[in-house]
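Visitor: These are the residues of each chain, in order.
Number of protein chains: 2
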Amino acid sequence: MKKFKVLEIKKSVFASNDKDAEELRKKLKTDHKFLLNLMSSPGSGKTTTLVQVINRLKDKVNIGVMEADIDSDVDASTIEDETGIKVIQLHTGGMCHLDADMTKQGMDGLGMKDIQFGILENVGNLVCPAEFDTGATKNAMILSIPEGDDKPLKYPLMFEISDIVIFNKIDAMTIFDFDIKKCEERILRLNPNAKFFPISAKTGEGVDELADYLFDLYKKNTL
Amino acid sequence: MKKFKVLEIKKSVFASNDKDAEELRKKLKTDHKFLLNLMSSPGSGKTTTLVQVINRLKDKVNIGVMEADIDSDVDASTIEDETGIKVIQLHTGGMCHLDADMTKQGMDGLGMKDIQFGILENVGNLVCPAEFDTGATKNAMILSIPEGDDKPLKYPLMFEISDIVIFNKIDAMTIFDFDIKKCEERILRLNPNAKFFPISAKTGEGVDELADYLFDLYKKNTL
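If you read the protein sequences in the order shown, they are chains A and B.
Going by the numbering used here, the first residue of the first sequence is number 0, and it counts up by one from there.
Going by the numbering used here, the first residue of the second sequence is number 0, and it counts up by one from there.
For reference, chain A alone in the conformation it holds in the complex (with noise of 0.2 Å):
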């Protein structure tokens, strides 16, 4: 028996989503709450990560997810069931990325007063996300092994606006040619900030490192 709401996102009417993602970021400071959007092609393994993490962290803090699709409920799913924390699913009929109102309609509809760490799972796509502020915290994304290593010099924006690039589908580098050392360089290239995480969402590989980073981000920004 799913627990788990499902929301039917309305298109923005307001011209400024920089200023409404910068009101949403202020306000998510001023409450001590933490906010972090989760991006990356389909199938990269945004949902799989993010119960990897989770089952991390929920006991030391209380986590709330909003799952942005097209359609389907797959990911609220998987996520209530195999972590039981408080999810919602969005559906933002058709549209292809988020910005600062729908991430504040998805937080109302999920409830944020217990809750002091929110992730947003945004759209599976490099391009549009990269281009909306949805106002949270930090951006991460994911990159997967099968994708290549040559994504930054295609989805540049995606890879210049993301605070942590996660590398996942580690366990899948003795078939695919991926230069980790060489992808990074051309991250760096766009966001001399970023930082890196090899994992493995399958095999938990690098998970308690990034989960570690993830918990102390959460903590330096709602001092």
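FYI, nobody ran anything at the bench for these hints, they're computed from the structure.
A few of these clues could be false.
The list treats identical chains as one, so a pair stands whether inside a single copy or across any two.
Unchecked claim - List time: in silico EDC-like cross-link candidates among lysine to aspartate or glutamate, alpha-carbon distance up to 20 Å:
{"#": "1", "residue 1": "Lys201", "residue 2": "Asp149"}
{"#": "2", "residue 1": "Lys201", "residue 2": "Asp170"}
{"#": "3", "residue 1": "Lys219", "residue 2": "Asp170"}
{"#": "4", "residue 1": "Lys219", "residue 2": "Asp17"}
{"#": "5", "residue 1": "Lys218", "residue 2": "Asp30"}
{"#": "6", "residue 1": "Lys57", "residue 2": "Glu7"}
{"#": "7", "residue 1": "Lys26", "residue 2": "Asp170"}
{"#": "8", "residue 1": "Lys1", "residue 2": "Asp149"}
{"#": "9", "residue 1": "Lys9", "residue 2": "Glu130"}
{"#": "10", "residue 1": "Lys181", "residue 2": "Asp70"}
{"#": "11", "residue 1": "Lys137", "residue 2": "Asp211"}
{"#": "12", "residue 1": "Lys181", "residue 2": "Asp149"}
{"#": "13", "residue 1": "Lys59", "residue 2": "Glu208"}
{"#": "14", "residue 1": "Lys181", "residue 2": "Asp72"}
{"#": "15", "residue 1": "Lys2", "residue 2": "Asp72"}
With chain A held as given, fit chain B onto it using these hints.
Guide: Just chain B now, with coordinates in the frame of chain A:
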């Protein structure tokens, strides 16, 4: 020394994309030309698949390729170096898809006079390209094994509008859970006429069948 042109695509000012697309499709038919629109997530292997298919068909028909990308000329270089056929790089300037007018700009830039079989490699994205008819004769999409068999549930429109679904990276089946049968059933519920081709663009497995099918499709549509 690269020979291919790089074209900065202009945003379409026309409101009626569906009408433009129908006109382009009719014009292709009248001119006995075929245009294939190839879509997928970032990193699922569009360019590698094209190299394999083109090298099997280029002695039978004149092929020309339009490589659409936000930025970078990586893919046009690969096509030129590894097939020697005519190719143009289209830069979308941040746009997440191509529409019919942008496709026409690309065809004019490429020069279609001597080309019977055109291929448009769309922007890597499962959301936006599905919403804009490019005017191509047929749509194909690639779903790579590492992306997971749940993608038809999450990006239904892409699977609904794709005449051909290519399952790429089947050489990676050993390390990823991917149920092709289940995935095909999910797709057929959205699109009962979809044709399936499991391939490995890396090893060449299954590419002969795909190339033969595309050549027959080209012949059937240019009679």
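Visitor: Going through the earlier hints one by one, which of them does the structure break, listed in rising order?
Guide: 3, 4, 6 and 7
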